[in-house]
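Using the sequences and the hints, build the whole thing.
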Amino acid sequence: MAAPRITNPALVRLEGLIQSYSTVPLYPGYVPIPIFTVVHSLRVFIAWTQATKASGAYGKIGYLQGLFGYLVAAWSGMTMTCILLAVPPIWMYNAQFFLTYVAAFSILSLGPIPDLLSHIPAEALAILDGFYRTSGAIGTMQLAQKNPSVGLRTSPLSALVLGALTSGGGTLLLPTFGLAERDWTLRTPPVLKGNVWTTLDLWAGAAVVAVYAFLSEAHPALNLRLLGIPATVDYKGRPHPWFSEPEAKVIAIAVGIVIFSTRAARSTIAPPSKPASTSTGKVKAVKAAEKRHEPKDTVEKSLSPAPSSASVTSSSSPKKRRKAAKELSKTG
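The C-terminal residue of the sequence shown carries number 559 in our numbering, and the numbering is unbroken.
Keep in mind the hints are simulated off the structure, nothing from the lab. A few of these clues could be false.
Unchecked claim - Derived EDC-like pairs (lysine to aspartate or glutamate); straight-line CA-CA distance at most 20 Å:
id : residue 1 : residue 2
1  : 287       : 410
2  : 280       : 242
3  : 420       : 350
4  : 280       : 410
5  : 280       : 408
6  : 287       : 350
7  : 287       : 408
Now the structure itself:
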């Protein structure tokens with residue numbers, strides 16, 4: 228028996244707010260750029276700055292090299308999926324969109340702005356990551372549903388792969404080519420050698436696409452009915468998805484925010500690694516010396532801190548030093 232139709236006006240209103248946030252300009256009449264785009268350019272700049280600091284290249288990269296890496300971080304996921312879908316990415320034909328990111332990089336690179344932005348809490352940035360990556364992954368799946376290829380529209384694999392690339396394209400390309408370093412280099416993608424947390428940028432995009440598609444039946448192959456879960460019905464008895472597409476989008480965004488926030492919280496509370504104690508180092512050195520048949524007291528003396536040059540010169544005369552050297556040569 229089918230379950231009753233689920234409706235949630237609050238989710239619909241939230242989706243309306245998200246839609247207006249994506250289209251309303253920052254300052255109508257003067258800055259006709261959507262707030263969505265401005266905030267995204269800011270978030271990508273913070274991620275780019277963190278990457279250059281981690282590689283030791285912060286402040287050592289030229290303007291054009293830094294701008295290129297920043298744009299790759301911002302648009303790589305969108306560009307790769309557009310190539311797979313055989314459609315041009317928006318930055319190729321929308322000059323306003325292109326110049327927005329160029330201007331953002333140029334302005335945010337001035338003076339102490341990068342250092343000020345580094346104080347934004349990781350939890351707040353994780354919320355932005357969950358929102359933007361989920362929105363991008365869902366938008367790519369919706370674009371794929373308009374593709375003339377029947378196989379592309381109906382394959383569940385295509386939807387999941389497109390979602391993963393949209394979400395984690397920058398995470399895949401930047402370290403692979405070393406774009407955040409002074410000299411570019413080709414290496415094995417770190418995400419292929421990582422664990423569930425380091426690959427989260429990729430699989431989270433596929434996960435939120437699956438959540439959205441299952442709840443809204445927006446994809447023919449990602450359908451709860453195929454899993455034996457019945458559809459809902461309206462007051463006239465007509466079958467419907469569990470949620471409408473606007474409602475499912477809000478739920479998927481919430482899931483994405485939870486995923487990225489969990490990783491941020493985990494990295495924040497992770498205990499620091501403890502340095503090895505001096506006593507442990509001494510024990511290991513003594514055991515190694517025993518294997519080499521060296522006296523134990525010689526090893527312990529070598530591990531003890533050396534006296535300063537001032538104390539040596541003040542406590543021993545040249546004659547005493549020469550005498551000690553002769554005795555050491557005899558014992559050696």
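Open item on the list: Can you confirm whether the C-alpha distance between residue 287 and residue 350 stays at or below 20 Å?
Closed with: Violated: residue 287 and residue 350 sit about 29 Å apart, past 20 Å.
Task: Pairwise hint evaluation, residue 408 against residue 280, where the allowed Cα distance is 20 Å at most - done: holds (9 Å)
TODO: Decide if the proposed pair is consistent with the structure: residue 287 and residue 408, CA atoms, cutoff 20 Å inclusive.
DONE: Within the cut-off at roughly 9 Å; holds.
TODO: Verify the proposed pairing of residue 287 with residue 410, using a straight-line Cα cut of 20 Å.
DONE: Holds: residue 287 and residue 410 sit about 11 Å apart, inside 20 Å.
Open item on the list: Tell me if the straight-line CA distance from residue 280 to residue 242 falls inside 20 Å.
Closed with: Judged against 20 Å, a Cα distance of about 36 Å means the pair is violated.
TODO: For the pair we were handed, residue 280 and residue 410, check the Cα-Cα distance against 20 Å.
DONE: holds (14 Å)
TODO: Mind checking the alpha carbons of residue 420 and residue 350 for me, to see if they're no more than 20 Å apart?
DONE: violated (25 Å)
Comparing the model with each numbered hint stated earlier shows that hints 2, 3, 6 do not hold.
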